[in-house]
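Undergrad: Start from the sequences, fold in the hints, and give me the full structure.
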Amino acid sequence: MTLESAEWAALVLSLKVSFVAMLFSLPPAIAVAWLLARREFWGKTLLSTLVHLPLVLPPVVTGYLLLLTFGRNGAVGGFLESTFGIVLAFRWTGAALAAAIMGFPLTVRAIRLSIEAVDPRLEAAAATLGAGRLGAFGRVTLPLIAPGVLAGAVLGFAKAMGEFGATITFVANIPGQTQTLPSAIYAFLQVPGGESGAIRLVLLSLVVAVGAVLVSEGLARRVARGIGQK
Amino acid sequence: MSLSVRICHSFSDFTLDVAFEAGPGVTAIFGPSGAGKTSIASAVAGLFAPSRGVVELDGRRLYDAQARVNVPPHKRRIGTVFQDGRLFPHLSVAGNLDFGVRYVPRGRSGPDREQVIGLMDIAALLERRPLHLSGGEKQRVALARALLMAPELLIMDEPLAALDGPRKDEILPYLERLADGANVPILYVSHSVAEIARLADQIIVLRDGRVARSGNVGEVLSDPEVVPLMGVREAGSVLNAQVLGHDADGLSRLAVNGGTLLIPGVQADPGMHIRLRVLAQDVLLSLEAPSGLSSYNVLPVVVEALHRGDGPGMAVSLRLGGDRLLARVMARAAEEMRLRPGLACYAILKATAVPRGDIGAGRELG
Chain H
1 MTLESAEWAA LVLSLKVSFV AMLFSLPPAI AVAWLLARRE FWGKTLLSTL
51 VHLPLVLPPV VTGYLLLLTF GRNGAVGGFL ESTFGIVLAF RWTGAALAAA
101 IMGFPLTVRA IRLSIEAVDP RLEAAAATLG AGRLGAFGRV TLPLIAPGVL
151 AGAVLGFAKA MGEFGATITF VANIPGQTQT LPSAIYAFLQ VPGGESGAIR
201 LVLLSLVVAV GAVLVSEGLA RRVARGIGQK
Chain V
1 MSLSVRICHS FSDFTLDVAF EAGPGVTAIF GPSGAGKTSI ASAVAGLFAP
51 SRGVVELDGR RLYDAQARVN VPPHKRRIGT VFQDGRLFPH LSVAGNLDFG
101 VRYVPRGRSG PDREQVIGLM DIAALLERRP LHLSGGEKQR VALARALLMA
151 PELLIMDEPL AALDGPRKDE ILPYLERLAD GANVPILYVS HSVAEIARLA
201 DQIIVLRDGR VARSGNVGEV LSDPEVVPLM GVREAGSVLN AQVLGHDADG
251 LSRLAVNGGT LLIPGVQADP GMHIRLRVLA QDVLLSLEAP SGLSSYNVLP
301 VVVEALHRGD GPGMAVSLRL GGDRLLARVM ARAAEEMRLR PGLACYAILK
351 ATAVPRGDIG AGRELG
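Chains H and V are the protein sequences, given in the same order. Mapping of the first sequence onto my numbering: residues 1 to 230, in sequence order. Mapping of the second sequence onto my numbering: residues 1 to 366, in sequence order.
Read the hints as simulated data drawn from the structure, not as lab findings. Among these hints, one or two may not hold up.
Covered by chain V, per the in silico footprint, the following chain H stretches (three or more residues, Cβ under 8 Å) [to be verified]:
no.: 1; region: 74-83
no.: 2; region: 103-114
Listed below are several chain H residues computed to face chain V (Cβ distance under 8 Å; list not exhaustive) [what the hints assert, rightly or not]:
no.: 3; residue: Leu122
no.: 4; residue: Arg225
no.: 5; residue: Ile227
Simulated restraints, written as ranges between beta carbons of each label pair [stated by the list, open to error]:
no.: 6; chain 1: H; residue 1: Ala117; chain 2: V; residue 2: Asp98; range: 22 to 30 Å
no.: 7; chain 1: V; residue 1: Asp112; chain 2: H; residue 2: Ile86; range: 35 to 43 Å
no.: 8; chain 1: H; residue 1: Leu113; chain 2: V; residue 2: Pro312; range: 23 to 31 Å
no.: 9; chain 1: V; residue 1: Leu126; chain 2: H; residue 2: Pro120; range: 24 to 32 Å
no.: 10; chain 1: H; residue 1: Pro120; chain 2: V; residue 2: Ser51; range: 19 to 27 Å
no.: 11; chain 1: H; residue 1: Asp119; chain 2: V; residue 2: Gly250; range: 46 to 54 Å
no.: 12; chain 1: H; residue 1: Arg121; chain 2: V; residue 2: Ser51; range: 16 to 24 Å
no.: 13; chain 1: V; residue 1: Asp98; chain 2: H; residue 2: Leu80; range: 17 to 25 Å
no.: 14; chain 1: H; residue 1: Thr45; chain 2: V; residue 2: Asp112; range: 34 to 42 Å
no.: 15; chain 1: V; residue 1: Asn70; chain 2: H; residue 2: Leu113; range: 30 to 38 Å
no.: 16; chain 1: V; residue 1: Asp249; chain 2: H; residue 2: Arg121; range: 48 to 56 Å
For glycine and all other residues, C-beta sits at the position ideal for the given N, C-alpha and C.
TA: The following block contains the structure:
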């Protein structure tokens with residue numbers, strides 16, 4: 001089985017989009033998860049709803065909302081372009097943004113659950129030993145939730161790899177630029193005789209997915225050993 | 001050092017309203033569970049903000065509800081040893097010990113790390129994870145960790161409550177070393193009279209969220225009025241004694257106010273001062289000097305006060321020179337003997353030595 005250059009491009013683009021989406025969404029996901037798990041504040045329900053929205057909205061709707069907001073004529077998109085020269089719509093960076101937003105609720109959920117599993121009395125103990133809130137978080141909470149952060153990252157990555165609806169709505173399906181693996185499979189299925197190409201990409205997706213699971217399992221075991229839980 | 005606490009807070013099931021001062025040495029906060037002991041400890045440590053009140057340490061205002069002063073726990077420099085140890089599971093013992101060291105203010109010299117490790121006997125555990133420590137070992141590490149942050153006050157919140165009997169006996173000597181050796185005032189929260197008699201200098205007795213009694217441990221514990229607060233079985237006095245010598249048959253001669261006692265199992269060198277805990281139920285009274293008794297421990301005393309409880313028993317405090325002894329007798333017997341304040345009689349007693357200061361001597365902490 002050989003892959004054509006456009007198919008390679010779709011695979012490489014999917015991996016790039018997913019990694020970037022995961023990396024950039026991790027810090028805000030940890031912050032939001034901590035807020036939701038540990039703090040009481042006005043607007044907490046609103047924040048929680050907002051974070052979970054991409055999970056319950058049809059992806060096409062999310063994609064269209066992204067287009068409205070981050071498109072070149074959108075409020076945020078126009079500002080980004082005129083101020084920083086950054087364009088997201090119909091670019092791979094836009095695909096990464098769509099993937100990050102779609103994966104965000106899953107990542108936040110995994111991290112939030114792991115923060116809630118950390119005994120807050122350990123953080124209190126850190127405080128009595130002189131650690132401020134940031135120090136206690138960085139030296140106690142963060143190491144203890146490392147498995148949850150890893151799980152959240154893997155979920156976010158997997159979601160990004162599979163994201164289709166919001167991506168195709170926001171950045172379309174331009175080969176070599178915004179055509180990710182799912183978009184490429186979809187494109188193959190739109191033309192007569194494209195099934196063999198679709199099958200190749202489906203198999204490729206399977207290999208990537210299994211590989212990601214194996215890597216994360218291995219990492220999870222090392223992390224668990226590192227924090228003394230095994 | 002002086003800690004001044006005045007706090008008031010309404011919980012759903014009771015109201016805490018206490019005011020007390022604690023000086024150097026070990027100050028015990030005693031009370032049954034639910035009396036508010038841990039709330040007080042938390043308020044002093046900064047982990048709980050009472051609705052009204054003031055907490056001051058050496059004139060430094062740590063908490064003042066009215067003036068909206070609330071120094072966060074990490075700036076209070078108060079070490080806390082919790083009932084459950086609370087070691088960080090992801091760090092080795094050494095990592096746990098060193099956790100607070102970086103936060104010690106410049107210019108404040110903490111105790112020597114090696115000395116603390118020796119004091120708590122944990123040198124062999126340094127590389128281990130808390131998961132692989134016994135309950136007693138965990139508490140020793142928690143004690144060392146709190147000491148190494150160079151605290152201005154050390155709070156121990158029921159440090160032995162989670163341990164079983166033998167483990168308690170394993171830790172108590174270390175607590176004694178700490179109380180004697182480390183130059184840190186200690187607030188010791190406990191519901192065990194035995195622990196307090198062994199460790200504390202001052203005691204604050206809580207009852208239903210209020211201070212029922214406070215003062216010198218020897219005085220308070222031998223007060224007949226306090227017996228119902230302590231529990232009849234736990235009630236007893238603390239005597240100061242000096243070791244005179246050890247006899248070949250295993251008994252040790254101890255000098256106390258008013259006489260000499262013979263007691264087994266004393267592990268202190270002649271000349272050393274130790275504490276003796278005498279349970280009220282282990283004291284008998286006799287109007288005449290007894291003869292033909294199996295006990296050698298007879299002391300002349302003067303009845304000071306009597307306190308009738310709810311049951312058939314009666315608590316009697318006895319003056320023994322500068323010390324006080326507490327006896328529990330049947331109320332009927334007290335009537336027949338016509339016990340009254342000022343009456344001279346004889347106390348026949350059984351005492352348990354509290355070997356304070358026998359270990360850790362000469363290993364003082366800086």
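Undergrad: So, as I understand it, the hint says leucine 122 of chain H touches chain V; can you test that by seeing if any CB pair is closer than 8 Å?
TA: At about 6 Å, which falls below the 8 Å cut-off, the nearest Cβ of chain V leaves the hint on leucine 122 of chain H intact, so it holds.
Undergrad: Please check whether leucine 126 of chain V and proline 120 of chain H have a Cβ separation lying inside 24 to 32 Å.
TA: holds, 27 Å
Undergrad: Does 16 to 24 Å hold as the CB distance between arginine 121 of chain H and serine 51 of chain V, or does it fail?
TA: holds, 22 Å
Undergrad: Starting from the range 30 to 38 Å, see whether the pair asparagine 70 of chain V and leucine 113 of chain H falls in it by beta-carbon distance.
TA: For leucine 113 of chain H against asparagine 70 of chain V, whose Cβ atoms are near 31 Å apart, the range 30 to 38 Å holds.
Undergrad: Within 23 to 31 Å: is that where the Cβ-Cβ distance between leucine 113 of chain H and proline 312 of chain V falls?
TA: violated, 58 Å
Undergrad: For the hint 46 to 54 Å, verify it against the beta carbon of aspartate 119 of chain H and that of glycine 250 of chain V.
TA: holds, 48 Å
Undergrad: Holds or violated: the 34 to 42 Å window for the beta-carbon distance between threonine 45 of chain H and aspartate 112 of chain V?
TA: violated, 52 Å
Undergrad: Does the region 74-83 of chain H contain three or more residues whose Cβ lies closer than 8 Å to a Cβ of chain V?
TA: violated (count 0)
Undergrad: Given a hinted range of 48 to 56 Å, is it respected by the beta-carbon distance of aspartate 249 of chain V and arginine 121 of chain H?
TA: holds, 51 Å
Undergrad: Tell me if the beta carbons of alanine 117 of chain H and aspartate 98 of chain V are separated by a distance inside 22 to 30 Å.
TA: Given a distance of about 26 Å, which is inside 22 to 30 Å, the answer is holds.
Undergrad: Range hint 35 to 43 Å: satisfied by the CB atoms of aspartate 112 of chain V and isoleucine 86 of chain H?
TA: violated, 57 Å
Undergrad: Between the region 103-114 of chain H and chain V, are there enough contacts, at least three residues with CB-CB distance under 8 Å, for the coverage claim to hold?
TA: Violated: only 0 residues of the region 103-114 of chain H have a Cβ under 8 Å from chain V.
This entry does not satisfy hints 1, 2, 4, 7, 8, 13, 14, going by the numbered hints stated previously.
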